[in-house]
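Here the protein sequences come in this chain order: Y, F and C. Residue 480 in our numbering sits at position 480 of the first sequence; the count goes up by one each step and never skips. Residue 35 in our numbering sits at position 35 of the second sequence; the count goes up by one each step and never skips. Residue 266 in our numbering sits at position 266 of the third sequence; the count goes up by one each step and never skips.
Read the hints as simulated data drawn from the structure, not as lab findings. Source: prediction; values computed, not measured. Keep in mind that the hints are not guaranteed to be accurate.
To give an idea of the interface, some chain C residues facing chain Y are shown, with a C-beta separation under 8 Å as derived from the structure [to be verified]:
{"id": "1", "residue": "73"}
{"id": "2", "residue": "74"}
{"id": "3", "residue": "163"}
{"id": "4", "residue": "586"}
Simulated crosslink set (DSS-like; lysine-lysine; CA at most 25 Å straight-line) [claimed, not checked]:
{"id": "5", "chain 1": "C", "residue 1": "116", "chain 2": "Y", "residue 2": "370"}
{"id": "6", "chain 1": "C", "residue 1": "27", "chain 2": "Y", "residue 2": "370"}
{"id": "7", "chain 1": "C", "residue 1": "567", "chain 2": "C", "residue 2": "487"}
{"id": "8", "chain 1": "C", "residue 1": "397", "chain 2": "C", "residue 2": "545"}
{"id": "9", "chain 1": "Y", "residue 1": "370", "chain 2": "Y", "residue 2": "107"}
{"id": "10", "chain 1": "C", "residue 1": "390", "chain 2": "C", "residue 2": "465"}
{"id": "11", "chain 1": "C", "residue 1": "27", "chain 2": "Y", "residue 2": "459"}
{"id": "12", "chain 1": "C", "residue 1": "390", "chain 2": "C", "residue 2": "567"}
{"id": "13", "chain 1": "C", "residue 1": "487", "chain 2": "Y", "residue 2": "158"}
{"id": "14", "chain 1": "Y", "residue 1": "21", "chain 2": "Y", "residue 2": "104"}
{"id": "15", "chain 1": "C", "residue 1": "437", "chain 2": "C", "residue 2": "545"}
{"id": "16", "chain 1": "C", "residue 1": "71", "chain 2": "C", "residue 2": "168"}
{"id": "17", "chain 1": "C", "residue 1": "168", "chain 2": "Y", "residue 2": "370"}
{"id": "18", "chain 1": "Y", "residue 1": "107", "chain 2": "Y", "residue 2": "21"}
{"id": "19", "chain 1": "Y", "residue 1": "158", "chain 2": "Y", "residue 2": "104"}
Glycine included, C-beta positions come from ideal geometry on N, C-alpha and C.
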Amino acid sequence: MNLHILVLIPVLTALATLFFKELKQVRMIAFLGSALQLLLSFALLAAFYAERAAGNLAPMLFYSSFQWFPSLGIAYTTGIDGIAMAMILLSAFVVLAGVLVSWKMEKLSREFFFLLMLLSAGAYGFFISLDLFVMFFFLEIAVIPKFLLIGVWGSGRKEYSAMKLALMLMGGSALVFLGLMGIYFNSADIHGQHTFNILELSVRHLPLSAQMLFFPFAFIGFGIFGALFPFHTWVPDGHSSAPTAASMFLAGISMKLGGYGCLRVATYLMPEAAHAYSPYIILLAAIAIIYGAFATMMQTDLKYINAYSSVSHCGFVLLGIGMMNETAITGAVMQMISHGLMTALFFAAIGMIYERTHTRMLAQLGGLLKVMPFISSIFVIAGLCSLGLPGFSGFVAEMTVFMGSWQHVETGYRIATILSCASIVVTAVYILRAAGKSIMGPIVDDHHLHLSDATWNEKLAAIVLLIGIVTIGIAPFWLSDLIGPGVHGLMANIGRTILS
Amino acid sequence: MSGVPLTHIIIVSSLLFFIGAYGFLTRRNLIAMLMSVELMLNSVNINFIAFNKYLFPDNLDGLVYTIFIIAIAAAEAAVAIAIIINLFRNTRSIDAEDADQLKN
Amino acid sequence: MNLPMNLLLIPLLPFATFLLLGIFGRKYLSPVAGIIGTTSLLVSAILSLQAAYSYFIQHTGEVYTSIVAWKMTWLPFSQDVSIDIGFMLDPISVMMLVVVTVVSLMVHLYSLGYMKGEDRFATYYAFLSLFTFSMLGLVVSVNIFQIYMFWELVGVSSFLLIGFYFDKPSAVAASKKAFIVTRFADLGFLIGILILSYHAHTLDFPTLIQRLTASDSTYLTSAIGSSFLGFSALTWGLVLVFMGGAGKSAIFPLHIWLPDAMEGPTPVSALIHAATMVVAGVFLVARLFPIYAISCPGALELVMWTGAISAMFAAIIACTQTDIKRVLAYSTMSQIGYMMFALGVAGYGGENGLGFTASMFHLFTHAFFKALLFLGAGAVIHMIHSNEMKDMGGLRKSMPITHITFLIACLAIAGIPPFAGFFSKEEILSAAWNANKAIYYIALITAGITAFYMFRLYYNIFWSKEAKHDSHIHDEHSHGEGTLTMKIPLLILSIGAIGAGFIPFGNFVSSDGHHLHLPFEIANAIMPIGVAIAGILMATALYKKENDKSDKIVAALGGIYKGAYHKFYIDEIYLFVTKKILFNLIGRPAAWIDKNIVDGAMNGIASLVMWKANLIKSIQSGKVQDYALYFYIGVFGLAILAIYLVK
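Okay, chain Y solo, but in the shape it has when bound (with noise of 0.2 Å):
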């Protein structure tokens, strides 16, 4: 199985939209080029399981490295485990998801689903890059296209929205390469020869003292990506002004970048340093879940509602990372993968009552269920789902990481367990806050009782997440099958630095 596919099928999809100039036949080719990359992505799955079952034990399967600048020592190297085939396939489902949302949309179609295809290249590149730079190279790719979608085609205060989360991010991968640029050059083994090969670097012991200093700048330039506190002001305005699926690409691929970023390259690679901060990890990521939760409770506008509770779950993230032990950290991957794909499908839904009733405030919707049955079941399940409901993949992924988290028993990070499993209160009250207020409840405005419900391409992007959410919500131990042995195979090199 070639992995260069994954990148090149998003890559050449996006050069064919720009032959066209009809919405019809760019959604089309969009339509079919995320249809393949959905299909590739499950027969790299198959692929990935006959390996194993070959008996392939090698960390990373289908390896291969081209030399870029050998004189840098940069290669194009690939290579997946478990946690990357995981999020390869929640990209592949929220692409396809993506796409089906826009089928209408009408400014400037050719160049909407050119950036589209472009972010989901890079997203596919990061997951699959095995070298630091490159790696840094596919996060930039992600960046830019979202900039672009967010100040074109997104509604509100967009220029400032697009700014504010192209200027973070953007100070972010700053401090991502800094940190890269730290465990480059303290990479030196006995030859002197330095190297970005993620696999090498994490036999070789990079001295203490640089972890400590380059710890901090590449767990925090990849934190803001995945709105680590307090870096996550641009998740709110930069989802409130996204399009649809600009939305669920940032916050069902975009948000995962810096959580799989904080584990394959901060803790990875610097696991003395991750181990030596982790109590400050979990403190911010204890306040992020808590906090955000509260301020959640607090909005009006449904994007803002959930553009926050996005900043409370990805808090999981970051505290599994910072507790640093098997079962949590297998929690932070399953919560990033069940997040990608119920933060998706909770956009899909708001942006179709948008779309239909145009506003987004609670104030001015109520009694949808009764017009859009469809599209409200939708909305209440993702709430369901996000507020950690058995038979879905919330629960599946909250539960394991607050089971790993208990295994602490300093008082610190029992608190800190203790506040997060709280959050599970509060994330009840907003979701049944706003679906009683938009969902249920007496129709409050006449308009909307001649409004239809969701369209075949809708329906079907609602049912592609709901796919992957009930899946793992029902049968978790595919899943945990899935991403343990690439878990595993991190933390002999965590674990181990935590014993000596």
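Got chain Y; can you put chains F and C on it based on the hints?
Chains F and C in isolation, oriented as in the chain Y frame:
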């Protein structure tokens, strides 16, 4: 060859240079500024010739450079005057203060 | 024994029905949804009765052991800790299987008539099936996390069904309240699970119980050894788990959601908020009973006192309510309090376990007569279109079947022999007498109050104002007494309410699996029967005929009545805590801080950069001669530097 000492020539060229520099910084008229630039270039030419004559009479480097600078100066004057004319067409002025569209 | 598949079908059939009706019901299956749901549940009920038959009757040997019929690892956390999904058979789970499927079947049947013509008929049945599935999954749990999962699922089905009339703001508010209050309790449950599993290194029920009760167990030592705020980890864990149970079972002070939950359709109240879901808390404590009884009597004492307080408290409030469903809701709360303190007074094994058996017995009988009461009330509401007592009266002639069955249920709950409630209540009282006299007297008084308010209800509906509502019967909106499908469940359940008490319950359910002979002494029974009859007579005097005696008593009681009428202002306290403290003191500042301080800092950084940039920008004046000047200065600077450096 003991007529004019080198120092005198250098003093002249320095005076010429600073008159040019002063003119360039103070005159607002672009034509006048161009003339000031020419003054500075010529003071450099004088220096070249003087040093060549006094220090390395056997070499031709200074003379070559002088001719080179004269040629460049001619080209430069042509370009500058073309710019000034275009500017005048656009702004009806050849005042340096008025040519600030790039500022914002 | 049965094949596991037969057993698995019991919960899976309702689940399949839920999927079928949930996805296709609205569009394609609306007319037949009720038939589909009822049929699948009928099969489930037959299968569970068969399971009960083979478990209890075909059983050989002295002790009922728990049998894990089927189990799979659902989500592994680590080597020895995992969430397993499975199917466990033991006396209490088999009993609950029967209760849940039978009551649910009755409610399904009843709803065919009651919900006829509803817009979302298929959705209603889908939700009912979802609830039944979740409740069945809950009772057969093999793993404490499995019970938590289904616990949440019954919570959400209850939410969906309370909010079934979603365009009614009061229903929406009630459904939110029910979900959030129980969710808060579940937080305790979750943390309790985390504590217990941390010390026992397992989530599996049998292993958990074994590890935390064996006196030489290192796990138990560790759980008792570590303490927090003066209580051992074990106590904390069990108390927090009980908190979850208290929330679901509407035990004081987490009861506030139950009366409001009556906004849901009445059959739903019968199934979820009377017979099955609300006893889940009792079931949970019963499930972990060996740990409570053997390792942590302190926690059990808490169970006892909260149960007793809850029983009495709810009974007092029930006397003052005028909405018939609310009266029933408070009576449910009171009866669950009975079950809880019965568990609390029990010990493990042998005669000490009387309270345990009594509690389960009461759970069993209560399910029948309380479901009957609710379904009867539903029939009344169906006809009158009102929940208020003042709109009722004199209905005994127009609704003969409802009247008779309702009376049977009232007699059963009041504890009049030979109806079911008498026997189970009797066992509870004798268990309490043996264990704790204070509890006994509380229970006795409560029994009297129960008889009083139930007959107040009965007289207000069927007697009192004589046949004022005859006109209703003939007007076009009235449904009469209801369809045949509504009457049959009433009759079947009244058979249960009469006959369930004669089951030799101690032979089947006991704390340690051994047979327990239930003591029955007529001398002990005199007092409770006397109290119950006194209550009934008092109600008869006050409410049988329309008169002003009751108003005078109300006036005489003054503040006490007012307090009880307003449910002792517990709702207001909660409202204060949530509105004023959570929203205004935490939520609002959090949102404000985020917008102004955290985001302000980010914007501040941006503005700082902007300001610096403006400063630097002013150097770029756009004037050629300024640039030339900087150039000269630069050249001079460099020249001077060069001169000094070269020297």
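Consistency of the hints with the structure:
1. 73: holds, 6 Å
2. 74: holds, 6 Å
3. 163: Check passed: Cβ of residue 163 of chain C comes within 6 Å of chain Y, closer than 8 Å.
4. 586: For residue 586 of chain C, the interface hint holds, since the closest Cβ of chain Y sits about 5 Å away, which is under 8 Å.
5. C/116 with Y/370: Judged against 25 Å, a Cα distance of about 19 Å means the pair holds.
6. C/27 with Y/370: This hinted pair holds, its Cα atoms lying about 14 Å apart.
7. C/567 with C/487: Roughly 33 Å between the alpha carbons, so the hint for residue 567 of chain C and residue 487 of chain C is violated.
8. C/397 with C/545: holds, 15 Å
9. Y/370 with Y/107: With a Cα-Cα distance of about 31 Å, the restraint between residue 370 of chain Y and residue 107 of chain Y is violated, given a limit of 25 Å.
10. C/390 with C/465: holds, 9 Å
11. C/27 with Y/459: holds, 15 Å
12. C/390 with C/567: Between residue 390 of chain C and residue 567 of chain C the Cα gap is close to 20 Å, so the pair holds against 25 Å.
13. C/487 with Y/158: violated, 62 Å
14. Y/21 with Y/104: With a Cα-Cα distance of about 14 Å, the restraint between residue 21 of chain Y and residue 104 of chain Y holds, given a limit of 25 Å.
15. C/437 with C/545: violated, 38 Å
16. C/71 with C/168: violated, 42 Å
17. C/168 with Y/370: Judged against 25 Å, a Cα distance of about 12 Å means the pair holds.
18. Y/107 with Y/21: Holds, at about 11 Å.
19. Y/158 with Y/104: holds, 20 Å
Hint check: violations occur at hints 7, 9, 13, 15 and 16; the rest are consistent with the structure.
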